[in-house]
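Novice: Sequence:
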Amino acid sequence: MEVALSIAIVGDMALKYIILSDDDETSDEDEIVSVVLLTKKRRRKPSRIENYVERTVPNLTAREFQQHFRITIDAYEHLIQMVGLLLKRKNSKGRFTINVEKQLLAVIWLLATPDSYRSVGERFDLGKSSLSVCFMRVIKILCSLTQRIITWPTGHKLTEVKEKFRQMAGLPNVIGAIDGTYICIKAPHEDPESYITRKSHYAITLQAICDANLKFTDVFVGYPGSVHDNRIFRNSEIYIAVRNHLQQYFPDDEYIIGDKAYPCLSWCIPPYINRGNLTPAKRHFNTIMAKTRQTIERSFALLMGRFRRLKFLDMQRTDLIPTAVLASCVLHNICLEHRDVEIDNYIREGIDDIYHNDENEGHGHQEIEGTRKRDELCRQLFI
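74 is the number that full-length UniProt numbering gives to position 74 of the sequence shown; each next residue is one higher, with no gaps.
There could be a bad hint or two in this list.
[Unchecked claim] Derived DEER-like restraints, expressed as beta-carbon distance ranges: (1) V133 x T287: 47 to 53 Å; (2) T287 x R317: 43 to 49 Å; (3) I343 x T371: 34 to 40 Å.
[As the list claims (entries may be wrong)] Result set (DSS-like, lysine-lysine): computed pairs, CA atoms no more than 30 Å apart in a straight line: (4) K88 x K373; (5) K186 x K282; (6) K291 x K186; (7) K140 x K291; (8) K282 x K140; (9) K260 x K164; (10) K260 x K128; (11) K88 x K162; (12) K282 x K88; (13) K260 x K373; (14) K186 x K140; (15) K260 x K199; (16) K157 x K140; (17) K260 x K88; (18) K282 x K373; (19) K282 x K128; (20) K162 x K373; (21) K199 x K373; (22) K140 x K128; (23) K199 x K164; (24) K291 x K373; (25) K199 x K186; (26) K164 x K140; (27) K164 x K88; (28) K88 x K157; (29) K260 x K291; (30) K373 x K186.
No lab work stands behind these hints, which were simulated from the structure alone. Just so it is clear, CB atoms sit at the ideal spot from N, CA and C, and this is done for glycine as well.
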């Protein structure tokens, strides 16, 4: 005779209705017990590491801490002082949010590793939804620090940056190197074709200017990967600001340097485009430019090598991806304010993940003041 079995799950109850025949009762009971156990097993609370932040992290040495989180413990403590009160505030329902240290460390771990939300949640005893909320809160707060942390060099800092750039290869008055790199993402739901790069990756572009110490002095992020660097540059906030207030950014005839994608302006100098007819002086100038401009390459490599999630930023909401990238750039600068012996190792880890739009080469236009300035620099350096 057939056995009719109906199971409904309500809360922790595995069975609500059980209808059995009188035949082969023992066998059927065994089967029911198996179903109950299997159902309970499936609904069991996920196993998580308890008190990892409260007990394990405080016992880590400085070296162990950096191996885990890829930032120095000094940088972390400085970060806690900056954002602790903001993370500690009450939520909209009047309850205090998750422990500040747990929020910050969990998000740093997420950025520093490609680990899944599930595995990170298990480590920090957080559900996936809670971890997602923490992630959004922390990166938004980090972005709110942008104007304090990512700053244009002025005063004695400007003089220091110029001298350090000059020491690299002899190029005078340089205060920054500019370039763009791709942040790979999954295909967006809206207009995915515009995000496809020439390497057939989906990506957004991060444009940044860095100083001689690898710190970002300007960041502009969010344009789809198919857009040329030159167009992104001309739509960036720094371009508009300099056009309106040139003396504020370049008070003593300083300039930034870029690759061939960028226009030749009085304040932005690219190398000469090599069409097989460059003079020895121009080839010499290009060599000096390359030695100086590698600073931005190293800065991007350090960013990618330290915060490895940026190698492929898998986020559901495309509109929040620039926020995560900008927050990582803020952390990048904070980390550089503290002595870090692992910088060269992170650069080696990230150098292969720097992607450029090679089609950009030669798209930058030239202005009379820019070409005169570049030619004069070329002449001075070849004497």
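Novice: Does each hint fit the structure? Answer for all of them.
Specialist: Tested hints:
1. V133 and T287 have their C-beta atoms about 51 Å apart, which keeps the hinted 47 to 53 Å range intact.
2. At about 44 Å, the CB distance of T287 to R317 agrees with the hint of 43 to 49 Å.
3. A beta carbon spacing of about 37 Å between I343 and T371 agrees with the range 34 to 40 Å that was offered as a hint.
4. The straight-line distance between the Cα atoms of K88 and K373 is roughly 52 Å, outside the 30 Å bound, and the hint therefore fails.
5. The suggested pairing of K186 with K282 is violated, with an alpha-carbon distance near 42 Å, which exceeds 30 Å.
6. Distance restraint check for K291 and K186: the Cα-Cα separation of roughly 34 Å exceeds the 30 Å cut-off, and the hinted pair is therefore not satisfied.
7. Among the hinted pairs, K140 with K291 is inconsistent with the structure: their alpha-carbon atoms are about 36 Å apart, more than 30 Å.
8. Of the pairs offered as hints, the one joining K282 and K140 is violated, with about 45 Å between alpha carbons and a cut-off of 30 Å exceeded.
9. A threshold of 30 Å between alpha carbons decides the hint, and for K260 with K164 the separation of about 23 Å falls inside it, so the pair holds.
10. For the hint pairing K260 with K128, the CA-to-CA distance comes to about 45 Å; that exceeds 30 Å, so the pair is violated.
11. Distance restraint check for K88 and K162: the Cα-Cα separation of roughly 40 Å exceeds the 30 Å cut-off, and the hinted pair is therefore not satisfied.
12. Distance restraint check for K282 and K88: the Cα-Cα separation of roughly 57 Å exceeds the 30 Å cut-off, and the hinted pair is therefore not satisfied.
13. In summary, the hint linking K260 to K373 is supported, as the alpha carbons are separated by about 16 Å, within the 30 Å threshold.
14. Of the pairs offered as hints, the one joining K186 and K140 holds, with about 21 Å between alpha carbons and a cut-off of 30 Å not exceeded.
15. For a cut-off of 30 Å, the pair hint linking K260 to K199 stands: about 19 Å separates their Cα positions.
16. About 28 Å separates the Cα atoms of K157 and K140, which keeps this hinted pair within 30 Å; it holds.
17. Using a Cα cut-off of 30 Å, the hinted pair K260 and K88 is violated, with the two alpha carbons roughly 47 Å apart.
18. Between K282 and K373, the direct Cα distance comes to roughly 13 Å. Compliance with the 30 Å bound is thereby established for this hinted pair.
19. Taking the CA atoms of K282 and K128, the gap is about 56 Å. The hint is violated against a cut of 30 Å.
20. For the suggested pair K162 and K373, the alpha carbons sit about 17 Å apart, so the restraint of at most 30 Å is met.
21. Distance hint between K199 and K373 is unfulfilled; the C-alpha atoms sit about 35 Å from each other, more than 30 Å.
22. Under the criterion of a C-alpha separation no larger than 30 Å, the hint pairing K140 with K128 is consistent with the structure, at around 18 Å.
23. Straight-line distance between C-alpha atoms of K199 and K164 comes to about 35 Å, which puts the hinted pair past the 30 Å bound.
24. Proposed proximity of K291 and K373 is supported: the alpha carbons are some 19 Å apart, at most 30 Å.
25. With a C-alpha separation of about 14 Å, the suggested pairing of K199 with K186 holds against the 30 Å cut-off.
26. About 33 Å separates the Cα atoms of K164 and K140, which puts this hinted pair outside 30 Å; it is violated.
27. Restraint check: the Cα-Cα separation between K164 and K88 comes to about 40 Å, which exceeds 30 Å; the hinted pair is violated.
28. With a C-alpha separation of about 34 Å, the suggested pair K88 and K157 falls outside the 30 Å cut-off, and the hint is violated.
29. Restraint check for K260 and K291: satisfied, since their Cα atoms lie roughly 15 Å apart, inside the 30 Å limit.
30. The suggested pairing of K373 with K186 is violated, with an alpha-carbon distance near 43 Å, which exceeds 30 Å.
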